[in-house]
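Make the full structure from the sequences, and use the hints.
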Amino acid sequence: MTHDDPTYGYLGPAGTFTQAALRGWLEQQTRDAAAAVCPASDEGADVTAPAAGASTPGASSHQTPSSSGAPTTTDGLVAAALERSVPFATVPAALDAVRSGGVDGVMVPIENSVEGGVSSTLDALNAGAGAPTDSQLLLVGEVLVPITFVLAARPGTRAEQITGVGSHSHAWPQVRGWMASNLPQATYVPTLSTAAAAQSLADDVAENFQAAVCAPMAADVFGLETLATHIGDNAGAVTRFVLVTKARDAAGRPRTPAPTGHDKTTLVLYQHADRAGGLLELLEQFATRGISMSRLESRPTGEAMGSYCFSLDIEGHIASERVGEALMGLKRVAADVRYLGSYARADKRPVDVAPETSDEAFAGARAWLHALR
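Under this note's numbering, think of the first position of the sequence shown as 222, with each following residue one higher.
Label-pair ranges, simulated between beta-carbon atoms:
| # | residue 1 | residue 2 | range |
| --- | --- | --- | --- |
| 1 | 479 | 582 | 17 to 27 Å |
| 2 | 540 | 351 | 20 to 30 Å |
| 3 | 437 | 498 | 41 to 51 Å |
I should point out that these hints are in silico values taken from the structure, not numbers from a laboratory.
We put the CB at the ideal spot given by N, CA and C, even for glycine.
Laid out in structure tokens, this is it:
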């Protein structure tokens, strides 16, 4: 593995929504690189980024320099990176591969618009944040993928033959209504991923199920027959995926991406004790500095019944004065503050900063206090 040829992982097998997210992220990165090398003003090159939320943005034909100096299409760069990519069966296995250096980064699901946070990812990331510095991980990017499910089966399978349907535990609740109306006789059989269910059918090793709820791409990859399309109960369902790398490079420098003006920061907070007003004390650190939250959920610490930590996303970048001040405030009042990363929002929505919480306002207040002292 070289710096010029990074290797990425995703939750496999081939055909998962996670692989689609990795493709979308790679395409966005190559488009950004093309824009930096060949601005749109040069010879009318079109380097417009794809619409936010697209899972597999349209292919680009831009020419970008390769390490040898020869022009390479972004299509080719993405295809090569995907060819090097590695599928993993579980989130912990994928994250461990990053820690060990087996891959440079992995794409994992973290939140769904229907089901909320992906527990396995949130818990694995939180556990890793408490590890020694040299094995800590960092979120460096995100992708939004519209989720479209199909019902797929081995060719020739009839609906009345289906008594079990395999899929991932996060996918099943999103099609429960359709299943109740169209296949009331079928029971749910959990699988490691939606694509794993499709692969089991294709390999004729599926136990207790004759059909799979999966992505259209998985049905194609494994040669299954699509029995029904758009079976999701919520047509607007979207899953957010994050790219995870080691927190520091070989020289020990943090890998946090530079601020863009449309960033978010992911944290996990622990209370000293479960008491009235404890969570409010933590959240006040954001409110007093004009910081909005885009996600907040509790997760069990595993220490005892009723013991919870809080996983959240806030708007803004750790490099900004207000976010930095908030983290210092949290460090004073929280039992533990775990920083998981600051990175650009996939939808590129700018962070709304009030004049009194701008970097200039904090710098002015600091200068005023310094003069008084």
